[in-house]
Amino acid sequence: MSKLNNLFKEAKKNKKKIFIGFVTSGDPNYKSSKEIIKEMTKSCQIIEAGISFNTSTSDSPIIMEANDRAINSGMNMNKTFKLIREVKRETKTNTCFVIMTYLNPVKIFGLKKFINQCNFVGIDGVIIVDSNLNSPEEKILINGLSKKKIGYIKIISPTNDDEFIKLSIKNCRDSWLYITSYFGLTGSKNVNIDNVKKMVKRVRNYSKEIPVAVGFGVKTPSQVKQVSKYADGVICGSSIVNKVAEGHKKRLKGKKLATFVSSYVKKLSRGIKK
Amino acid sequence: MKIPPFKEINPPTKDGFWINKKTKERFGGQYISPLLVPNLKRVEKGFFKAIKDKKFMRELNEELLSFIGVNTPVHFSPELTKLAGGEKKIGKIYLKRTDLHTNHSHKPVSAYSCCKLAKYLGFKKILTETGAFQNGRAVASACAALGLDLDIYVGANDAKKLAINKDISALHGANIIEVHDSTKSLLPAMAAALRAFQSEPDSMYVVGSVAGPHPYPLMVRTFGSVIGRITKKQFKNLVGKDPSTIFSVCGGGSNMLCISYPYLKTKNTKIYAVESAGKGLKTGKHGATIGGGGKIGILLGMQSKVLLDGENIAESFTEASGLDFSSIGTEVAFLQSVGRIKFLTATDLEAKKTFMMMARKVGLICAIEACYVIHAAIKEIRKIGKPKQNHLIHLCGAGEPNVAQMMEHMKKNK
Chain V
62 MSKLNNLFKE
72 AKKNKKKIFI
82 GFVTSGDPNY
92 KSSKEIIKEM
102 TKSCQIIEAG
112 ISFNTSTSDS
122 PIIMEANDRA
132 INSGMNMNKT
142 FKLIREVKRE
152 TKTNTCFVIM
162 TYLNPVKIFG
172 LKKFINQCNF
182 VGIDGVIIVD
192 SNLNSPEEKI
202 LINGLSKKKI
212 GYIKIISPTN
222 DDEFIKLSIK
232 NCRDSWLYIT
242 SYFGLTGSKN
252 VNIDNVKKMV
262 KRVRNYSKEI
272 PVAVGFGVKT
282 PSQVKQVSKY
292 ADGVICGSSI
302 VNKVAEGHKK
312 RLKGKKLATF
322 VSSYVKKLSR
332 GIKK
Chain R
109 MKIPPFKEIN
119 PPTKDGFWIN
129 KKTKERFGGQ
139 YISPLLVPNL
149 KRVEKGFFKA
159 IKDKKFMREL
169 NEELLSFIGV
179 NTPVHFSPEL
189 TKLAGGEKKI
199 GKIYLKRTDL
209 HTNHSHKPVS
219 AYSCCKLAKY
229 LGFKKILTET
239 GAFQNGRAVA
249 SACAALGLDL
259 DIYVGANDAK
269 KLAINKDISA
279 LHGANIIEVH
289 DSTKSLLPAM
299 AAALRAFQSE
309 PDSMYVVGSV
319 AGPHPYPLMV
329 RTFGSVIGRI
339 TKKQFKNLVG
349 KDPSTIFSVC
359 GGGSNMLCIS
369 YPYLKTKNTK
379 IYAVESAGKG
389 LKTGKHGATI
399 GGGGKIGILL
409 GMQSKVLLDG
419 ENIAESFTEA
429 SGLDFSSIGT
439 EVAFLQSVGR
449 IKFLTATDLE
459 AKKTFMMMAR
469 KVGLICAIEA
479 CYVIHAAIKE
489 IRKIGKPKQN
499 HLIHLCGAGE
509 PNVAQMMEHM
519 KKNK
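Protein chains in written order, with our numbering: chain V, 62 to 335; chain R, 109 to 522.
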């Protein structure tokens with residue numbers, strides 16, 4: 062069983078929910094980003110590390126700016142693997158690591174090489190935003206990652222039809238199903254609780270077991286709490302990345318920036334325990 | 109002349125891929141976030157329904173003839189023929205004049221058709237992107253005629269360059285949104301329009317080229333091929349046979365594919381596409397995806413040939429905004445891969461010299477984009493050097509928007 066599977070299973074047994082924090086790797090640069098992620102391991106059970114792509118078609122302006130900062134500081138796929146490896150070594154954390162990116166960087170890096178690197182570094186799950194359910198790349202990723210017991214996470218949104226939801230559940234491996242709480246870009250609106258309720262219900266029509274985590278527009282501890290009533294996990298992304306931008310504008314660096322960001326992440330994560 | 113009916117002669121797979129069977133390379137697909145899937149499904153289903161709907165197609169064709177004026181001439185160009193070496197050496201050069209459409213470029217054919225489809229499907233608003241503002245202007249005019257709202261996404265740098273077409277789009281009532289992301293050119297503008305499409309389910313995205321996720325490349329070339337269908341008939345009427353060569357400029361490849369499509373299975377017609385070599389291929393500052401050694405990548409919802417910078421998309425460079433694109437359309441990439449289309453390049457400077465030559469010797473003010481193809485075509489036709497051949501050059505746009513830029517060039521080179 063994969064580490065992600067175990068995490069959700071244990072949480073369910075103990076009636077607990079999972080807090081997932083997203084941050085762009087290498088934002089604003091390698092050194093500060095490493096400190097931020099190290100600090101985040103203290104309050105996140107799962108960290109989603111975004112690998113930037115300069116022509117992304119689904120990111121909000123907040124994430125786009127983070128992508129630019131990371132790319133301009135020389136960040137890429139290899140360096141992200143290095144960063145996560147160092148974080149894991151230096152913190153000895155139990156936190157799971159998930160990579161979130163687009164297909165172009167993965168394809169250029171090489172699909173097989175990517176899977177092997179994920180295995181080598183100990184990545185627990187992968188989200189590829191624009192990998193189509195029927196594409197040939199999707200099959201290679203699912204098979205390759207499954208063999209190494211690495212989770213493969215699919216995203217669904219309120220406008221997707223039942224057929225799409227069924228296929229997404231099928232393609233999900235050893236992980237969770239990512240539900241977006243609204244139709245639009247990450248972090249552009251506030252979480253829509255009605256949608257969350259409906260979406261979880263729709264998923265449960267097809268799978269009783271698959272863990273579901275909800276993201277998009279979850280920005281406050283009380284929103285985290287609300288979402289956690291219906292989902293197995295809660296994902297906060299844009300608001301954390303926004304905090305990195307805010308600290309960066311204040312010229313905070315390294316550990317100071319990490320403390321500034323992580324104190325916010327800590328507050329968010331407490332929403333689950335309230 | 110009536111518009112000849114459409115025939116599918118190069119179909120993609122059900123998932124929108126064109127596959128090179130020898131190399132196993134795939135071009136096309138739908139590489140998008142799950143949030144965009146329902147919108148694309150609606151467009152795809154609607155498109156296939158519309159092209160089978162006789163009433164829709166009859167109306168569309170009538171409006172393309174009357175409002176867009178698709179019956180633009182194909183005519184012999186004695187000046188270019190002479191310039192290339194004379195009839196005895198190179199045969200004859202003909203021009204297809206899509207610069208004479210309403211809105212002065214090839215773009216209005218697919219732009220108007222896609223907006224008409226949007227209206228047919230019940231959308232109230234259009235989202236599009238533009239580089240040279242030829243597509244922006246064409247869509248703006250179509251939306252005004254069809255009573256649709258419009259947001260045009262344009263790279264902030266392009267918006268500065270082409271003031272006239274931007275102003276004309278605004279006069280038509282379009283809302284113009286400047287994009288300040290990354291290179292501030294066509295590529296980030298297209299990404300921004302796709303992001304907007306993800307946030308506005310009641311709006312339809314209209315792409316300005318044969319690019320983007322399935323069904324857009326298929327849809328734009330199917331609608332746009334009206335140009336090629338008419339051309340094929342006109343050329344046969346005028347010359348008595350098909351052309352030996354067709355030359356078109358290629359940014360994303362819409363004007364190239366729309367004129368060449370009906371000739372894809374015509375063995376005796378060679379098809380050429382001309383990319384911008386910018387400051388020269390060796391300088392690295394160019395917009396030549398094929399000429400510059402582009403590799404297979406995934407961007408803007410499609411798998412195609414792309415200029416890469418590590419794991420990211422590289423910046424293209426050319427003074428012609430319409431050619432400032434780091435990739436090419438999916439079917440175009442496929443046709444290049446199987447050897448059906450030959451690619452050439454011309455530099456920015458060569459295009460400017462050709463602009464002046466066309467103004468002074470031929471009496472036409474051509475879009476700067478069209479000057480790349482005229483330059484490269486003359487060079488290639490000289491190289492072919494066979495009499496009794498009939499060459500066709502696609503003059504795909506008028507040059508009014510380039511007047512300020514060219515006045516500067518003229519002053520500098522006095």
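Derived by calculation from the structure, the hints in this document are not laboratory data. None of the values given here were measured: they were computed from a predicted structure. We treat Cβ as the ideally placed atom computed from N, Cα and C, and that holds for glycine. Each hint should be verified, as a subset may be incorrect.
[To be verified] As a list, the in silico DSS-like pairs of lysine-lysine whose alpha-carbon atoms are at most 25 angstroms apart: (1) R/403 - V/174; (2) V/259 - R/163; (3) R/268 - R/163; (4) V/311 - V/149; (5) R/227 - V/168; (6) R/129 - R/344; (7) V/168 - R/122.
[What the hints assert, rightly or not] Computed list of chain R residues with no C-beta within reach of chain V, every gap over 12 angstroms: (8) 129; (9) 208; (10) 278; (11) 289; (12) 296; (13) 305; (14) 307; (15) 405; (16) 407; (17) 422; (18) 423; (19) 465; (20) 469; (21) 490; (22) 520.
[As the list claims (entries may be wrong)] Estimated spans, in silico, between C-beta atoms of each pair: (23) V/249 - R/268: 26 to 34 angstroms; (24) R/149 - V/249: 17 to 25 angstroms; (25) R/130 - V/177: 42 to 50 angstroms; (26) R/279 - V/250: 32 to 40 angstroms; (27) V/73 - R/149: 46 to 54 angstroms.
Evaluated hints:
1. A hinted pair counts as satisfied when its Cα atoms are at most 25 angstroms apart, and residue 403 of chain R with residue 174 of chain V qualifies at roughly 18 angstroms.
2. Taking the CA atoms of residue 259 of chain V and residue 163 of chain R, the gap is about 40 angstroms. The hint is violated against a cut of 25 angstroms.
3. Our distance criterion of 25 angstroms between C-alpha atoms is broken by residue 268 of chain R and residue 163 of chain R, whose separation comes to about 42 angstroms.
4. For the suggested pair residue 311 of chain V and residue 149 of chain V, the alpha carbons sit about 28 angstroms apart, so the restraint of at most 25 angstroms is broken.
5. For a cut-off of 25 angstroms, the pair hint linking residue 227 of chain R to residue 168 of chain V is broken: about 38 angstroms separates their Cα positions.
6. Restraint check for residue 129 of chain R and residue 344 of chain R: the C-alpha separation of about 33 angstroms exceeds 25 angstroms, so the hint is violated.
7. Only pairs whose Cα atoms come within 25 angstroms are accepted, and residue 168 of chain V paired with residue 122 of chain R is accepted, the gap being roughly 23 angstroms.
8. The Cβ of residue 129 of chain R sits about 15 angstroms from the closest Cβ of chain V, beyond the 12 angstroms cut-off, so the non-interface label holds.
9. For residue 208 of chain R, the non-interface assignment is confirmed: its Cβ lies about 35 angstroms from the closest Cβ of chain V, beyond the 12 angstroms cut-off.
10. No beta-carbon of chain V comes within 12 angstroms of the beta-carbon of residue 278 of chain R; the shortest separation is about 24 angstroms.
11. The beta carbon of residue 289 of chain R sits about 6 angstroms from the closest Cβ of chain V, which is not more than 12 angstroms, so the claim that it is off the interface is violated.
12. For residue 296 of chain R, the requirement that its beta carbon stay farther than 12 angstroms from each beta carbon of chain V is not met, with the minimum near 7 angstroms.
13. For residue 305 of chain R, the requirement that its beta carbon stay farther than 12 angstroms from each beta carbon of chain V is not met, with the minimum near 9 angstroms.
14. Residue placement check: residue 307 of chain R does not keep its beta carbon more than 12 angstroms from all beta carbons of chain V (closest about 4 angstroms).
15. Some Cβ of chain V comes within 12 angstroms of the Cβ of residue 405 of chain R; the nearest lies about 5 angstroms off, and the non-interface call is violated.
16. Distance to chain V contradicts residue 407 of chain R as a non-interface residue, since its nearest Cβ pair spans about 5 angstroms, not more than 12 angstroms.
17. Consistency note on residue 422 of chain R: stated as away from chain V, yet its beta-carbon is not over 12 angstroms from all of that chain's, at 9 angstroms minimum.
18. A beta-carbon of chain V is positioned within 12 angstroms of the beta-carbon of residue 423 of chain R; the least distance is around 9 angstroms.
19. Non-interface status of residue 465 of chain R relative to chain V is upheld: no Cβ of that chain comes within 12 angstroms, the nearest being about 37 angstroms off.
20. With 12 angstroms as the threshold on Cβ separation, the claim that residue 469 of chain R sits away from chain V holds: the shortest Cβ distance comes to roughly 41 angstroms.
21. The Cβ of residue 490 of chain R sits about 39 angstroms from the closest Cβ of chain V, beyond the 12 angstroms cut-off, so the non-interface label holds.
22. Distance check for residue 520 of chain R against chain V: the nearest CB is about 34 angstroms away, which clears 12 angstroms, and the non-interface claim stands.
23. A beta carbon spacing of about 28 angstroms between residue 249 of chain V and residue 268 of chain R agrees with the range 26 to 34 angstroms that was offered as a hint.
24. Range check, residue 149 of chain R to residue 249 of chain V: Cβ separation about 22 angstroms, and the 17 to 25 angstroms hint holds.
25. Checked against the given bound of 42 to 50 angstroms, the beta carbons of residue 130 of chain R and residue 177 of chain V, roughly 29 angstroms apart, lie outside it.
26. The beta-carbon spacing between residue 279 of chain R and residue 250 of chain V, approximately 33 angstroms, falls within the hinted interval of 32 to 40 angstroms.
27. Checked against the given bound of 46 to 54 angstroms, the beta carbons of residue 73 of chain V and residue 149 of chain R, roughly 34 angstroms apart, lie outside it.
The structure shown violates the earlier hints numbered 2, 3, 4, 5, 6, 11, 12, 13, 14, 15, 16, 17, 18, 25, 27.
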